[in-house]
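Here is what each chain is made of, one letter per residue.
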Amino acid sequence: MMSNRVPESLRIANVSRRSLLLGMGAGSLVLAIGLPRPGRAQDAPVQFGADAMPNGWRDDPNVFVSIAEDGIVTVTVHRSEMGQGVRTSIAMVVADELEADWDMVRVTQAPGNEPRYGNQDTDGSRSLRHFFGPMRRAGASARTMLEQAAAEAWDVPLSEVRAEGHVVRHAGSDRTMGFGELAAAAAALPVPDREGLRLKDPATFRYVGKADIGLVDNDDITRGTTTYGIDVRREGMLYAVIARPPVFGGSVASLDDSAALQVPGVERIVRLDPPAIPAEFQPLGGVAVIARNTWAAIKGREALVIEWEDGPHAAYSSDDFRAELEAAVQTGDGKLILNRGDVDAALAEAETRVVAEYYIPHLAQAPMEPPAAVADVRDGSCEVWACVQAPQVTRLRLAQRMELPEEDVTVNVTLLGGGFGRKSKPDFVLEAAILSREMGAPVKLTWTREDDLHHSYYHTVSVERLEAGLDAQGKAVAWLHRTAAPTIGSIFAPDPKEKLPFELGMGLTNMPLDIPNVRAENPQAPAHVRIGWYRSVSNIPHAFAIQSFIAELAAAAGRDPLEYLLETIGPARLIDPSEIGDVWNYGEDPARYPIDTGRLRAVTETVAEAIGWGRQMPAGSGLGIAAHYSFVSHVAVAAEVEVVDGAVRIPRVEIAIDCGAHVNPDRIRSQMEGAVIMGAGQALTAEITFQDGRAQQDNFDTYLIPRMETAPREINVHLVSSGGYDQPLGGVGEPGLPPVAPAIVNAIFAATGTRIRRLPVADQLRS
Amino acid sequence: MITLTVNGTEHSFDGDPEMPLLWYLRDELGLTGTKFGCGIAQCGACTIHLDGYPTFACITPISIADGSDVRTIEGLAENGDHPVQVAWRDLNVSQCGYCQAGQIMQAAALVDSTPDLTDEDIDTVMSANLCRCGTYPRIRAAIKQAAEARTE
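In order, the protein sequence lines correspond to chains A and B.
According to this note's numbering, the first sequence is numbered sequentially starting from 1.
According to this note's numbering, the second sequence is numbered sequentially starting from 1001.
To be clear, the hints were calculated from the coordinates, so they are not data collected in a lab.
There could be a bad hint or two in this list.
[Claimed, not checked] Computed Cβ-Cβ distance ranges for the label pairs, DEER-style:
hint, chain 1, residue 1, chain 2, residue 2, range
1, A, V305, B, N1079, 50 to 56 Å
2, A, D701, B, T1005, 29 to 35 Å
3, A, Q616, B, E1018, 55 to 61 Å
4, B, M1001, A, P526, 55 to 61 Å
5, A, A259, B, T1005, 33 to 39 Å
6, B, A1149, A, P571, 47 to 53 Å
7, A, L199, B, E1152, 42 to 48 Å
8, B, A1149, A, A203, 33 to 39 Å
9, A, A327, B, T1114, 52 to 58 Å
10, B, M1001, A, Q262, 20 to 26 Å
[Claimed, not checked] One-sided and incomplete, this derived list gives chain A residues near chain B with beta-carbon spacing under 7 Å:
hint, residue
11, N218
12, I221
13, T222
14, P367
15, E369
16, R449
17, M708
18, I715
Note that the coordinates shown come from a computational prediction; the quantities given were computed from them, not determined experimentally.
Ideal Cβ positions, reconstructed from N, Cα and C, are used throughout, including at glycine.
Take the sequences, apply the hints, and build the full model.
Below, the structure is given as structure tokens:
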């Protein structure tokens, strides 16, 4: 029997992983990969948004707000800060409802503890979408308690007192009491009922929606006094780096550590277990070097002599795999994922048929702070300090791996020096914990940049084949999309080869196009490396292919790309994603979050006007446009490029987002600016390739991301607002990215007549 | 024995002379404001001032710093009020903030040493420093603001 051949240790791991999947907290995982939640009865009401996330939401002021006698208000932020500004934005929301003076507000970071704080998975562009309401209520409840305390102290009706500007005032007598004076009495009061709670009229917001709020971490960042995961220091701490198998799934065949042990400062060499398959969030194995400082650990690792057993993925080569994916999309054998109308008949009758294939390579998130963590596992407890996007998942996996009850595991969340999806996987924290337990001392584990690029949870690699039939007027009447890419599901299950609903729902099954006959198929694609979330995930290949293809159709029809894009989006209408084939809709209620083609048109028209669409361009210059709906926000990008001797410069990019009402407009702008620059890198230079199972890029000298002189020069952000604060909010962190690369590549076509179908552009334009 | 001055305080070190200044600052002195990003002088997160010049601490063996004056982000200005730091705060330059110590050290040296900064100066010098969040437009704007504040 199969199970007899599974080593005992692995089998236990598998069993306990499964039991976790069915138990509390496992929902993080399951939901994240878009499967039905386990354990729910068939007839239970379907939940959406924050309600559907593991551990949901909390709005208890006693959890999120504390006020000291000196009046200092401390807001506990339970979402991880990785540059999106969430520590500032959540504090703004709470402080506003609390009527606090912003200068008196401080922020503290919650440890991983979802039963206390609600869901903490900082991904999916969800923090404000899911917690704007709860944080408003937490602030308003705390304000109400302060008002009650004052009313009791003065023995006046509650209706006669009002908090404002960090004091509570009695209208009749003009008496005031400061928040600090009232804090103790207020804290003793019961939390007011959610139902009767008075929320502020948004017209009176002091901080929410205002553009001039400074980041709460500005002082520390500019003085160098912040603490990221890599910065944590503990008494008696040792420093570790790990030599991991260069091929995913490989293991150590032989080890000679004698030279490494001679390196001054090296304390011990520890062999780590081979990785579990599927990999999930477990370490990759290898050989750890533990030393008295990072440099000694790195030198020690260089001195290791290791022969690797490469395992089943030793032949993985990006060139060969691309050919494999290209072959897979030639046939109609793939899983049918969309089928509306009669595509075959419509194609047969079409005036013109257009076919194109697009290739989008692996990418590494490459946050500037590589994965790093400090762990202290001693005396039956485990405490870690780590830059993690998913602190509760980290806690659960640590408890499992350290065989400790969850309450004996503490996950302190540091600032994250970038995340982009990489730090939602706590494999590196588990490594630190394993080594700390081994050493009986605190251990800091640092990933070097080479470790990061060689052992990422890579963005998938895709071939997208699109075929369309145009009628005599050039309008698309048939659309056939075949998508082949390894799935993120491959880190959770043995060898799945088809995309999961959530991956398809990122721009494919929910494409809001006005085309009568549509079919989509998903041919199989195996995974040979760990595949993971990367900012905006499957929207990257889907948006690139679809938005490039629409521009190709415009060219085939002899039409203006902007006009053709708007025609293909069709008239303004509300689309229920579940009715066009997307059952996921980013976890949101399709009734509250329909796709709104009116909003998609509006952002498109905004960037077109801003870039001066239709103006005469000099030779070698061109404009391109793309629009994409993702994370329940609508975004469009218009790019201007110049191509000189095959080199692409991007003088200007206009980007517009409609994400509903704005909580922190400055941070929406900064997310759009960053998305444009990251997207430009994906369009022009960034790629991870494999040969003999090994990642070919070692560091930032070969994994090329934009620098100031290569980044788009001028970026203008347009915040197109529709809907007030009572309307659902859209995501911000991710949706800026998907339309950037196709807009740039469409502009390159306009500038040169050359259609780029393989990313990155690299040297394809050089003759 | 290597002796060096870091942010005005003298230190001595008798460990591996090949140890990059970066790890000495971070692990031995606990000055973690200087960041590790690549280890091969490609990202600039480790930028410090060595005798006043912006330097990649990740590839600078501590032996080279013997007898030198080292300044890190923690010691750039007594109250953290170098015009570059002030401009960074005014314009909310940072996103994750991780690369910003290196950006600020690079920018401070540029602003302090170049009287009439051009866009080209900024592009050329600041392209030594990577930012994955994409804060370049604000970095450029902040440097211009700081340069103006310097000349006023």
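Regarding the hint that N218 (chain A) lies at the interface with chain B, is the smallest CB-CB distance below 7 Å? With a minimum Cβ separation of about 4 Å from chain B (threshold 7 Å), the hint on N218 (chain A) holds.
Does the beta carbon distance between M1001 (chain B) and Q262 (chain A) stay inside 20 to 26 Å, or does it fall outside? holds (23 Å)
I221 (chain A) as an interface hint toward chain B, with CB separation required under 7 Å: The hint holds - I221 (chain A) has a Cβ within 7 Å of chain B, the shortest such distance being about 4 Å.
Is the gap between the beta carbons of A259 (chain A) and T1005 (chain B) within 33 to 39 Å? Holds, at about 35 Å.
Whether the CB-CB distance between Q616 (chain A) and E1018 (chain B) falls inside 55 to 61 Å: holds (59 Å)
Is it true that the C-beta distance of A1149 (chain B) to A203 (chain A) lies inside 33 to 39 Å, as the hint says? holds (36 Å)
If you take the shortest Cβ to Cβ gap from T222 (chain A) to chain B, is it below 7 Å? Hint on T222 (chain A): holds, closest Cβ of chain B at ~4 Å, below 7 Å.
Do the beta carbons of A1149 (chain B) and P571 (chain A) sit within 47 to 53 Å of each other? With Cβ atoms ~52 Å apart, the hint holds.
Under the criterion of a CB-CB separation shorter than 7 Å, is I715 (chain A) in contact with chain B as hinted? Holds, about 6 Å.
For the restraint on R449 (chain A), tell me whether the closest CB of chain B is nearer than 7 Å. For R449 (chain A), the interface hint holds, since the closest Cβ of chain B sits about 5 Å away, which is under 7 Å.
Let me know if the C-beta of E369 (chain A) comes in closer than 7 Å to any C-beta of chain B, holds or violated. holds (5 Å)
Between A327 (chain A) and T1114 (chain B), does the beta-carbon spacing fit 52 to 58 Å? holds (56 Å)
Hint compliance for this structure: every hint is met.
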